[in-house]
Each structure stands twice: as C-alpha cells, then as structure tokens.
Amino acid sequence: MSHDNDFKRDLAEIAAHKLREGRITKRGFLQAMAALGVIPMAGLGGRAMAAPSELVIVNWGGTAADVIKEVLGDTYKEATGIDVVIDGSGPSAGRIRAMVESGAVVWDVCDSGPGSAIILGEAGVTEPMNYDIIDRTKMMEGTDWEYGAGNYVYSYVLAYNPKLSEGGVPTSWADVFDTKNFPGMRTFRKAVRGMLECATMAQGVPLAEVYDVLSTEDGIDAAIEQFRKIRENVIVWGSGSESQNLFLQEEVVMGNIWSTRAHLLKDEMDEGTFAVSFDGGVMSPGTWVVPKGNPAGAEEAMKFIAFAQDPALQVKWFELIGSAPINPAAAPLVPESMSRWNPTSPENVATQILYNDEWYAANQIAAEEKYVNALIN
Amino acid sequence: MTSDKARYWLLALPALAVMAIFYIWPLVNIWAISVTEPVPGFGNYVQGAESQAVTTSFVITFRVAALTTVFCVILGYICAYAIANTIRRAKPLLIALVLLPFWVSVLIRSFSWIVLLGRSGIVNDALRDVGVIERPLRLMHNEFGVVLAMVHVMLPFAVLPLLANMRGISPAYTDAARGLGASELTAFRLVYLPQTLPGIGSAALLVFVLSLGFYITPALLGGGRVLMVSEYITYQIQEFLNWGLGSALSVALLVATALVLVIAGRFLNLKNALLERS
Chain A
1 MSHDNDFKRD
11 LAEIAAHKLR
21 EGRITKRGFL
31 QAMAALGVIP
41 MAGLGGRAMA
51 APSELVIVNW
61 GGTAADVIKE
71 VLGDTYKEAT
81 GIDVVIDGSG
91 PSAGRIRAMV
101 ESGAVVWDVC
111 DSGPGSAIIL
121 GEAGVTEPMN
131 YDIIDRTKMM
141 EGTDWEYGAG
151 NYVYSYVLAY
161 NPKLSEGGVP
171 TSWADVFDTK
181 NFPGMRTFRK
191 AVRGMLECAT
201 MAQGVPLAEV
211 YDVLSTEDGI
221 DAAIEQFRKI
231 RENVIVWGSG
241 SESQNLFLQE
251 EVVMGNIWST
261 RAHLLKDEMD
271 EGTFAVSFDG
281 GVMSPGTWVV
291 PKGNPAGAEE
301 AMKFIAFAQD
311 PALQVKWFEL
321 IGSAPINPAA
331 APLVPESMSR
341 WNPTSPENVA
351 TQILYNDEWY
361 AANQIAAEEK
371 YVNALIN
Chain B
1 MTSDKARYWL
11 LALPALAVMA
21 IFYIWPLVNI
31 WAISVTEPVP
41 GFGNYVQGAE
51 SQAVTTSFVI
61 TFRVAALTTV
71 FCVILGYICA
81 YAIANTIRRA
91 KPLLIALVLL
101 PFWVSVLIRS
111 FSWIVLLGRS
121 GIVNDALRDV
131 GVIERPLRLM
141 HNEFGVVLAM
151 VHVMLPFAVL
161 PLLANMRGIS
171 PAYTDAARGL
181 GASELTAFRL
191 VYLPQTLPGI
201 GSAALLVFVL
211 SLGFYITPAL
221 LGGGRVLMVS
231 EYITYQIQEF
241 LNWGLGSALS
251 VALLVATALV
261 LVIAGRFLNL
271 KNALLERS
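These protein sequences, in sequence, are chains A and B. Its first residue numbered 1, the first sequence is counted upward by one per residue in UniProt numbering. Its first residue numbered 1, the second sequence is counted upward by one per residue in UniProt numbering.
Bound-form chain A, shown alone (with noise of 0.2 Å):
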C-alpha cells in the first residue's frame, strides 16, 4: 500500500461523508471522485459494465494480490471459464459506498471486515449473502454474518523471543504483564483493537468473559491500568511492518501482534529466536463484501464465494500468505509442520476467542482516549 493510495482512500472517505450530509452535491461529489483517479472517468457517463464473462475481486494490494491471483483466480478461471481480475486498490468501506451511490460501480467481490460489513448492509450498499448458494457449514461459526461472509482469519497473538527472554518463556498474557519476572521490552498495537482482550486476560478472566468483562467501565479500566503499570517497557507497533522490525532488530522481547506477521517472522528469524503462543489469541475474520448492482451479479459473485471455500485452496492461501483458513474442514490438510502456526486448527481455536466487532462499535473510541492516556500521561 503506498502512502498516496492511502491519503487517496483517505480523501474518498471524506468525500462520502460530505455527500452524504449534503455538504457537496453529487455532481461535486463524483467530480471530486474522478480528480482523484477513485471513480475511472469513463464510468461516469453510463454503468460501467464489465464483460459478464469477467469478475472483479478487489483487496489490499501487495502481496495479498499475486496470491489471491494465483490462489483463487487462475482456479476459478480453470474451473468455470471466467476470467478473474484483481483490483489491489483497497476497498475501504468508505469507497465501496461512494462507489455505490455514484452508481458506477465496478468491483464484484471486495475483502472486507465484519464491522464494515455490517455497517455497509445497514447503508443498504451491499448484498445479503445467499446462504443457498454459500455453504454455512463451510466457514467457522459466527462467521456467517448477513451482508459479509468470511474468507480468512487472522490472530492477535502472543510472540516472543526465547532467546533475549530472560524470564523463561512466557506461556501466558499473566506473563507478558509481568516486567518483574520477565524483562524487557514488550509491543503493543498503537490502538486497541486487540489489545484490551489481552490485558483482561492477564488478569485472570477466563476466555469466555473476556468481553462480558469489557462491557463495564471497571473492566475497561482495569485493562487500562495493566499496561499503565507496563508503559516504561512498552513500544508501540502502527503498522504491521513495524512489528515485525521490532522483532528482527530485536528491540523487543515479546508482545502481541498480527499471526500473518508472525507467520513471516518464524521463516526470517533464526530458529529458536522466535515463538508464538495461541493461548489467549483473538482471532479476526476477513469478510467478502458484494456491492449492491456488482457488474457481474450477485449470483455470480456468490458463486465465487462458494468457490473460495474449498479446504485445499484455503490451505494454499495460508502457506503462501498466513491468512488462515475459515473454513473448519482446511485444518487437516494444513502439513504437520505448519499446523501450529495455524491460528484455525482446532487445538488453536480451543485456546483462542472470536474478536467482538459490537463491543468495538460501542466502546472503542472511548477506550482509546484513556490507552493514549495510560502510556503517555
């Protein structure tokens, strides 16, 4: 993801929303959309349609894109004769809505999250999943919501470096907030997403509650104080790559981080220097999104997502890039080697809660306030 793309994203988002409130006009709107290089011009006289024989899947870019091109594209076009392309431009929820209303929309299949799933069903911008043609017993359960349908799992885990650890290992989250007896420097996500589950824990909470906990000011707060005891050993991650350089320049000697991060950093450590515990994880779905009047159709577009199901090609898409597999009958074809890596087979799912997009909604923005607050103030 290059840094213009983001500000781009950015600046669409923007844009959305002033549409929305009425700030701008929708001439305005898509003008702007169209300086931007968001909305192609041509697409703006008429529908843009791509051939029916053609489906656009669009996620993040990088890596993610050659894989989802290798992994889901070559099979789909081999099985069914349709030729799939991939967009890596980022399908922020705040572009697929703008898309949407503008009315030119040119993406079929979007990798999306739950939350921007849900929010996006509730705009009325997207398809209800057709459950006839998606196979729920396919995915992990409660991943099945009614706008989104997931496509992979990625955990917040618990890494470490046995090496520089001079506490022993650390086998619990009781263990990371634990400076006395395990010292050094520990990583954090800058935000919280992730990252409260992990300090209620460390108090002790069973899996189960974690979120029961959270749902109270006192188990905000209690989470808060845990790493307010911690701050002196902490560093904080903003993005994915960041966490891993703390790891590799050994600037760190645990924390919690992204398991596709992990997945990277055990083949680029040197053995022995780096571990990861599922005990305690969160684990995250991906979502496939459909924006409402997809150039292909939702039917085609489902079928695509049924396709994307299948066990082997989740498994392919784990090895190549450490997204997970959702869809429970994957984790046995997972190699013996690879398996405890895998945030979905079931020994790693027992120890591991789903993360709580509700709770995000309702509680997020005042949490973050007072974790800013716990590790500078």
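Simulated from the structure, these hints should not be mistaken for lab results. Any given hint could turn out to be false.
[As the list claims (entries may be wrong)] Short derived list, chain B residues pointing at chain A, Cβ under 7 Å: (1) Q52; (2) A53; (3) S120; (4) H141; (5) R225; (6) L227.
Using N, Cα and C, we set each Cβ at its ideal position, and we do this for glycine too.
Use these hints to put chain B onto chain A, whose structure you have.
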C-alpha cells in the same frame, strides 16, 4: 510614489495568490471544521481541554521543543562562532557541511538514527564490544532519542541565523576590548555576546516554532510514548476519522505557536530577528 508601491505589490501578487488559495483558504476551512463537526459549537475544544491525553501531549510537545531549542542554540552557537571567527580558508566548506543535511530527507535522517541507536544498533554494539556496557542501553523509543534526532535535524536552522548575525560583527570591537586589557573571556562576555543576542533570539525562535509542529522524527523514534500534538492529530483523523477534534487540536497548536511569537515579540525585535541579513 504610489504607483511605484502598487507595482511592487503587483510583483508580490502571484506569491500572495498561491498563499491565499493553498494556505489561507484551507486554513480557514480547518477553523470552520473545528467548530462545526460533529455538531456546531466549541465542543471539540472543551473535549480537548478536558482530555488528559491531549493536555499531556501538549506538555510533551512544548518540553521536547524547548529541549531541542536549548541544545540547538548551544551547539549552533559554537558551530557558527567557529565558522565566523576562527577558520578563514575552510569557511565555504564548513557552510556547505551545515547545509548538506538539507539535501537528505528528514525521513532518511530519522531512519539513520534508528540504525545507530537501536538495541542492537551501531552505538550499542560498539559500546558492548569495547566492554563499556554489558547490556544494551535504551537510546531510542524514548524522549532522549527523539530530542537527539531532532537536534540533528534542526541544527542548521540555528546555525544559519547565528552565522548571519556574527558575520555582521566587526572584529574591531573585541580587538579594542582586548587592547584595553580585557581577558579573552571578558571581551567575549561583555563585548561579543551582547552583539549576538539578536542572532540567538532568531535562532531559538525558528527552531522552537519548527519543533512544535514536527512530526516524522518523534513518530519514528518515540515508540508511541513521546506523543507530540502533530502525531495525535494524525491519529484522530486517520484512525477515527474524527476531523472535528483533529482540526481543533491543530488550531490550538497554531494559536499556541502564535502566542509564543507574541511573547517573544515583547522581548526581542521580531522584525530584526527574523528578517535580519548582514
């Protein structure tokens, strides 16, 4: 006379137009957003003033800027003094060395500090190899690292105004003081130093004001715990799309910077300090 004046204004017009369109107008919009989103009124400012995180961030910002200024002025003074007074033949080379960092992006200079100051960075490795330390020192991801790197980035902004000031000082005054029996130190303290006060003032002001809004270096070397206001603004806007509070914070930072200038204006002649050329 009046037509002459008008002609000069005409020359300034393109620059003024660029400023008005690309600076003043967006700025007015930021002011507007800060009092209109999400609801009209001063809610964003109240929220900012009541938030401990925001007030702490302002304290950190002013502290880091002040520390940077002090070190920059001291180091810059020594550097400018050496260039202006001692070495004559090497002068162009020394000035080129001061200017050289301007040709390297701040981002790259900040990353270089990461390579130097890291836990297994060059400095720590060297110290450990010669046996000075047993375990790595924490040189970055704290205020020390941020101030160190910021002094490096800001130093030319202190050297240049001081140099301009010192070059305008005739050596005859100090020579005369020495001739009348003053020691070297006394001559410097009573005769030379007072003449460089305007240079010190403009160097300090320039470095301080630039440091207040600095973003890249603290973001990279602060480890998230040296959260300056500019980073906090980015955080509000990028993470939460909270344009109201983000704008209010930038307006507050602008007002704070303007206040610094007003207060400085009471103690030194701003016109001379900022526009002085020898």
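Which numbered hints fail:
none
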